[in-house]
Amino acid sequence: MSIEWYIVLSALLFSTGAVGILIRRSPLVILLCLELMLNAGNLALVAFSRMVGNEEGQVFAVIVMVVAACEVVVGLGLIVAIFRRRLPLNVDDLRELRG
Amino acid sequence: MEEVLFFGSAIGALGGAVGVIALRNPFYSVLALIVHLFSLAALFLLLTSAFVAAAQVVVYAGAVMVLYVFVVAYVGGGGESAWEPIPGQRFLAPLLGIALFVELSVAVLSSSLLALGTEGPDVKPGFGDPAAIGTLMLEKFLLPFEASSLLLLLAAVGAIVLAHRRREDNAPDAARSGEGDTPSKHSTSRLEGVSPSPRATP
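These protein sequences, in sequence, are chains A and B. Residue numbering for the first sequence follows numbering that gives the first Met the number 0, starting at 0 and increasing by one per position. Residue numbering for the second sequence follows numbering that gives the first Met the number 0, starting at 0 and increasing by one per position.
Please keep in mind that the hints were generated in silico from the structure rather than gathered at the bench. Nothing here was measured: the structure is a model prediction, and the numbers come from that model. Don't be surprised by glycine CBs; every beta carbon is placed ideally from N, CA and C. Each hint should be verified, as a subset may be incorrect.
Below, a sample of chain B positions facing chain A; criterion: calculated Cβ distance under 10 Å [claimed, not checked]:
hint: 1; residue: Glu1
hint: 2; residue: Phe5
hint: 3; residue: Ile20
hint: 4; residue: Gln55
hint: 5; residue: Tyr73
hint: 6; residue: Ile97
hint: 7; residue: Glu102
hint: 8; residue: Ser111
hint: 9; residue: Thr117
hint: 10; residue: Ile132
hint: 11; residue: Met136
hint: 12; residue: Ser147
hint: 13; residue: Leu150
hint: 14; residue: Leu151
Pair ranges (Cβ atoms, derived) [claimed, not checked]:
hint: 15; chain 1: A; residue 1: Val51; chain 2: B; residue 2: Gly14; range: 47 to 57 Å
hint: 16; chain 1: A; residue 1: Val66; chain 2: B; residue 2: Met0; range: 13 to 23 Å
hint: 17; chain 1: B; residue 1: Ala146; chain 2: A; residue 2: Arg97; range: 32 to 42 Å
hint: 18; chain 1: B; residue 1: Thr117; chain 2: A; residue 2: Val66; range: 22 to 32 Å
hint: 19; chain 1: B; residue 1: Ala146; chain 2: A; residue 2: Arg94; range: 28 to 38 Å
hint: 20; chain 1: B; residue 1: Tyr27; chain 2: A; residue 2: Arg94; range: 44 to 54 Å
hint: 21; chain 1: A; residue 1: Val66; chain 2: B; residue 2: Phe69; range: 20 to 30 Å
hint: 22; chain 1: A; residue 1: Leu86; chain 2: B; residue 2: Leu13; range: 42 to 52 Å
hint: 23; chain 1: A; residue 1: Val66; chain 2: B; residue 2: Thr134; range: 37 to 47 Å
Partial selection, computed: residues in chain A whose CB lies under 7 Å from chain B [claimed, not checked]:
hint: 24; residue: Leu31
hint: 25; residue: Leu33
hint: 26; residue: Leu35
hint: 27; residue: Asn38
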């Protein structure tokens with residue numbers, strides 16, 4: 000399989016995640032869609048690493064995984080804190096910072 | 000054979016992604032994301048990156064998804080309201096997504112990367128195995144590696160601070176009455192903050 004198939008698939012997955020962020024309301028599902036977008040970026044990194052025959056892109060992908068894990072941990076902590084304060088788990092209702 | 004594996008994994012990854020954004024119940028969304036992650040690990044194996052595939056399965060599908068399942072079980076999957084702040088958001092968003100996909104594809108495929116149409120150069124047998132990645136991480140990328148470990152520690156501490164059950168949140172009266180007591184009783188009542196005893200609740 001040529002590399003461009005992987006790149007097109009990565010673009011498709013990234014767009015899917017972006018659409019999910021636009022249409023979903025629950026912060027939990029929005030975090031899942033962020034995962035989709037980060038994984039699409041990972042796929043592109045690994046595909047380009049294979050394209051140039053160099054493993055450094057895979058190290059980038061591993062670091063992206065670490066950052067994604069940190070983002071998930073902090074995001075889920077925020078969701079649990081929102082739930083404990085009995086605020087609605089809906090990004091359209093949480094608009095206090097909007098001014 | 001490689002085409003069959005690629006298209007099978009691609010359909011799995013894309014189906015999982017669509018399932019994440021289309022399923023109403025967040026628990027099913029998490030399960031769809033697990034399908035997506037396993038298909039992506041197969042794609043990583045096709046790209047001869049064994050370590051990234053293994054890390055994907057162990058870290059994502061193993062650890063992060065378990066965290067998600069726990070939080071979904073704790074919060075509960077409430078149905079989303081049909082109210083839209085922007086009229087026609089449900090129809091505009093896929094249009095924007097298609098535009099984004101076309102733009103990304105055109106930007107990459109029309110670039111002057113001549114190797115895009117090839118399968119990449121022939122690589123030696125140990126390409127992308129844990130030994131190669133570990134050597135790179137501990138020699139060339141030592142500083143990002145240590146920085147990521149610090150980031151993980153900070154995220155763990157931040158999550159504990161965020162999700163910590165503050166006593167004034169749920170039992171303000173009990174917290175106020177506990178302050179006038181002796182220090183020993185104060186420390187025991189702080190320990191019971193995890194599971195409040197009937198004595199501490201008014």
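Comparing the hints with the structure gives:
With 10 Å as the threshold, the beta carbon of B:Glu1 comes within range of chain A, its nearest partner Cβ sitting at about 6 Å, so the hint holds. Using the Cβ-Cβ criterion of 10 Å, the hint placing B:Phe5 at the interface with chain A is satisfied: the shortest such distance is roughly 5 Å. Checking B:Ile20 against chain A by beta carbon gives a least distance of about 3 Å; that is within 10 Å, so the hint holds. A distance limit of 10 Å between C-beta atoms decides the matter here; for B:Gln55 the minimum to chain A is near 7 Å, and the interface restraint holds.
The interface hint given for B:Tyr73 holds, since its Cβ lies 7 Å from the closest Cβ of chain A, which is under the 10 Å cut-off. For B:Ile97, the interface hint holds, since its Cβ comes within 10 Å of a Cβ in chain A; the closest pair sits about 7 Å apart. Among the interface hints, the one on B:Glu102 holds; its C-beta lies about 9 Å from the nearest C-beta in chain A, closer than the 10 Å criterion. At its closest, the beta carbon of B:Ser111 sits 13 Å from a beta carbon of chain A; the interface hint therefore is violated under the 10 Å criterion.
Given the 10 Å rule on beta carbons, the hint for B:Thr117 holds: about 6 Å separates it from the nearest Cβ of chain A. A least Cβ separation of about 6 Å between B:Ile132 and chain A falls short of the 10 Å threshold, and the interface hint therefore holds. Contact between B:Met136 and chain A, as hinted, is supported at the beta carbon level, the nearest pair being about 6 Å apart and thus within 10 Å. Because the smallest distance between the Cβ of B:Ser147 and any Cβ of chain A comes to about 4 Å, under 10 Å, the interface hint for this residue holds.
Interface hint status for B:Leu150: upheld, as the beta-carbon distance to the closest one in chain A is roughly 5 Å, under 10 Å. A distance limit of 10 Å between C-beta atoms decides the matter here; for B:Leu151 the minimum to chain A is near 6 Å, and the interface restraint holds. For the pair A:Val51 and B:Gly14, the beta carbons lie near 30 Å from each other, so the given range of 47 to 57 Å is not met. A hinted range of 13 to 23 Å for the beta carbons of A:Val66 and B:Met0 is inconsistent with their spacing of about 35 Å.
In this structure the hint that B:Ala146 and A:Arg97 lie 32 to 42 Å apart at CB holds, the actual value being about 33 Å. Against the hinted window of 22 to 32 Å, the Cβ-Cβ separation of B:Thr117 and A:Val66 comes to about 30 Å, which satisfies the hint. As the Cβ distance of B:Ala146 to A:Arg94 is approximately 34 Å, the hint placing it in 28 to 38 Å holds. Range check, B:Tyr27 to A:Arg94: about 28 Å between beta-carbon atoms, so the 44 to 54 Å window is missed.
Between A:Val66 and B:Phe69 the C-beta distance comes to about 21 Å, which sits within the given range of 20 to 30 Å. For the pair A:Leu86 and B:Leu13, the beta carbons lie near 34 Å from each other, so the given range of 42 to 52 Å is not met. Between A:Val66 and B:Thr134 the C-beta distance comes to about 22 Å, which lies outside the given range of 37 to 47 Å. A least Cβ separation of about 5 Å between A:Leu31 and chain B falls short of the 7 Å threshold, and the interface hint therefore holds.
Restraint check, A:Leu33 versus chain B: the minimum CB separation of about 11 Å is more than 7 Å; hint violated. Of the supplied interface hints, the one on A:Leu35 holds, with its beta-carbon coming within about 5 Å of a beta-carbon of chain B, less than 7 Å. Checking A:Asn38 against chain B: minimum C-beta separation of about 6 Å stays under 7 Å; hint holds.
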